[in-house]
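A.B. asks: Spelled out from the first residue to the last, the chains are:
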Amino acid sequence: NAGVTQTPKFRILKIGQSMTLQCTQDMNHNYMYWYRQDPGMGLKLIYYSVGAGITDKGEVPNGYNVSRSTTEDFPLRLELAAPSQTSVYFCASGTESSYEQYFGPGTRLTVT
Amino acid sequence: GDSVTQMEGPVTLSEEAFLTINCTYTATGYPSLFWYVQYPGEGLQLLLKATKADDKGSNKGFEATYRKETTSFHLEKGSVQVSDSAVYFCAPGGSNYKLTFGKGTLLTVNP
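Line order of the protein sequences matches chains Z and B.
The first sequence begins at 1017 in our numbering and counts up by one.
The second sequence begins at 121 in our numbering and counts up by one.
Bear in mind the hints are in silico, worked out from the structure with no lab data behind them.
Please note that a few of the clues may not be correct.
In silico BS3-like pairs for lysine-lysine, Cα to Cα no more than 25 angstroms straight-line [stated by the list, open to error]: (1) Z/LYS1025 with B/LYS188; (2) B/LYS223 with Z/LYS1025; (3) B/LYS180 with Z/LYS1073; (4) B/LYS223 with B/LYS180; (5) B/LYS223 with Z/LYS1060.
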């Protein structure tokens, strides 16, 4: 049981490039979340999903897109990367029965 | 919307000292309340929770009591260890099982 896995662990992008951050969970959770963590700012919710085929915006969705074609996968797409997207990105999953969220190890992204 | 105010860090303590990290929140109704912990280089993990007023959550020697009248959920530990060095986040629960995280409090415990 791997829990929540994220790839890659680290990535450096040039301004204007695009990439997809991968997130997979093997706990059959319906709820999945993407956060970004900036120093001293806590975690901000980017997008979330309550089940396959259903996604919704969080607090800071601009510059990102998501899809949820399966229960297991919830990729986050960055189009036209900007320096303001330099951050650590965390994926999490959870169930309807509790608020506990299970976090992946994170992806550290630098845009230069 | 929901918001959280956490004690500003960083907090530096000696081993076996008493720890308090304050947390107050604003939210609609009476949400479940959580403390998450992030160890260096890792993702967040649930430390403890309380689901209704006057509940006390506890885990690994940490405790927090849901105070409805003061909308607070302060984290305490009687005797901290070096291994408790981490960032601690307070979070009330919201709609669609979303969490609103505080800015986090960095705790460093010195031997």
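A.B. asks: Decide, hint by hint, whether the structure agrees.
C.D. replies: Each hint tested on the structure:
no.: 1; hint: Z/LYS1025 with B/LYS188; result: 40 angstroms, violated
no.: 2; hint: B/LYS223 with Z/LYS1025; result: 23 angstroms, holds
no.: 3; hint: B/LYS180 with Z/LYS1073; result: 35 angstroms, violated
no.: 4; hint: B/LYS223 with B/LYS180; result: 22 angstroms, holds
no.: 5; hint: B/LYS223 with Z/LYS1060; result: 10 angstroms, holds
The structure does not agree with the numbered hints 1, 3 stated previously, though it agrees with the rest.
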